[in-house]
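Read off the chains here:
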Amino acid sequence: DTGVSQDPRHKITKRGQNVTFRCDPISEHNRLYWYRQTLGQGPEFLTYFQNEAQLEKSRLLSDRFSAERPKGSFSTLEIQRTEQGDSAMYLCASSFPAGTVDEQYFGPGTRLTVT
Amino acid sequence: AQSVTQLDSQVPVFEEAPVELRCNYSSSVSVYLFWYVQYPNQGLQLLLKYLSGSTLVESINGFEAEFNKSQTSFHLRKPSVHISDTAEYFCAVSGFKAAGNKLTFGGGTRVLVKP
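For the record, the sequence lines run as chains H and S. No gaps in the numbering here: position 48 of the first sequence is 48 in our numbering, and each next residue is one more. One rule links them: number in our numbering = place in the second sequence (from 1) + 115.
Do not take every clue at face value.
[Stated by the list, open to error] Among chain S residues calculated to face chain H with C-beta under 8 Å, some are: (1) Leu159; (2) Leu161; (3) Leu166; (4) Ala202; (5) Phe205; (6) Asn216; (7) Gly221.
Hints are computed from structural coordinates only; laboratory data are not their basis. Virtual Cβ for every residue (Gly too), placed ideally from N, Cα, C.
Just chain S, with the same shape it has in the complex (with noise of 0.2 Å):
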């Protein structure tokens, strides 16, 4: 069984400002990980994912992650946000493709970028 643990249910930030989401997982096999964003009103659109290699994986749009296998954590970080990040961000962990791809998901952390 897994489960995500996402810390902050609502992250207020400052445009231009750093931001961090934090994300910790269990789970009793090997997993994948992956950050996905829900825009309002819109479905939910894959941001970065871990698969297996280096530990730091970064998006398009700037945004960064870094599995910490010791922590069993992949946090999610941005150097300088925009209003346009505004979102809702889910953690999600799956199992590698013996165990079933379903994907388990955290609670969201809900991003307010501020002008």
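Chain H on its own, in the form it takes in the complex (with noise of 0.2 Å):
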């Protein structure tokens, strides 16, 4: 396995449209985050999974957005009307927790541009 791996690397889009992003993770790994990076600030929280649960969002994901984990497996990250303050790069991260804390493994990213 070569790590957690993002669809598409990167995607342009004008505003008021719909894009769906994918992640797929390290195989054995039942959690799967995602982030958002603005330009210039650190990766903020968004949503995470648990097999196909998802267990926890953020007030920064709005009605627009939805991520889903159908099978547990990959997750996508779906955003509606789009806005430009949607610019940012999404980041998946997964993990498996083992002992007290799980080591998140990142993505390359997903880097969106709204016009």
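Join these two chains into a complex; the hints should help.
Pasting the structure below:
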């Protein structure tokens, strides 16, 4: 296994369009996280799944955002009616909790540009 | 709630000189502490972590960080940097397992190593 993968790596879209990103975690990892990183800032937590259950969502995740992990493997993040403020790097991470803390492994990210 | 402050947004440093990246955090619960590195056009990679025990933790490539509970700090140091250390460094905290393992990141410190 080569790590967490994300597709696409870059996406340019016009304001008002819908976009969907995909994340494939490391195969044995049952936790999957989504973060958003805007230019010059650190990543901010959006949501996470344990298996197929979405356990927590940030207040940053407006109604236009939805995330799924239907079979507990890959996950998708959809943004409806994109706005220019959605332009950011969307990062996915996965982990397998062992002991007291789970070490998160990050993918390369999907860079979204909304024009 | 947790927050992380990285006091320097950019640190220029000459090759073979020492570097220190400052990180302070606040939290109402006990936390785990991490440093991640992001090389240009790559995803985040875990550099080192503090979970418990010895307050000084080391990475395989010469970085070390010291947890100071009284000052709520987790500064990162390297006694002699290389050109290849040019990257952005993020300090992050995570609550204990029961409180969720989402990461809260600082704003990042960009290190530019000059020859």
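Results of checking the hints against the structure:
Satisfaction of the interface hint for Leu159 of chain S is found here, the shortest Cβ-Cβ separation to chain H being roughly 4 Å, below the 8 Å cut-off. Look at Leu161 of chain S: its Cβ gets to within about 6 Å of chain H, closer than 8 Å, so that hint holds up. Hint status for Leu166 of chain S: holds, given a least beta-carbon distance of 6 Å to chain H, under 8 Å. Using the Cβ-Cβ criterion of 8 Å, the hint placing Ala202 of chain S at the interface with chain H is not satisfied: the shortest such distance is roughly 14 Å.
The beta carbon of Phe205 of chain S is positioned within 8 Å of a beta carbon in chain H (closest approach about 5 Å), and the interface hint is therefore held. Annotation: interface hint on Asn216 of chain S holds; nearest CB of chain H at approximately 5 Å, less than 8 Å. Among the interface hints, the one on Gly221 of chain S holds; its C-beta lies about 5 Å from the nearest C-beta in chain H, closer than the 8 Å criterion.
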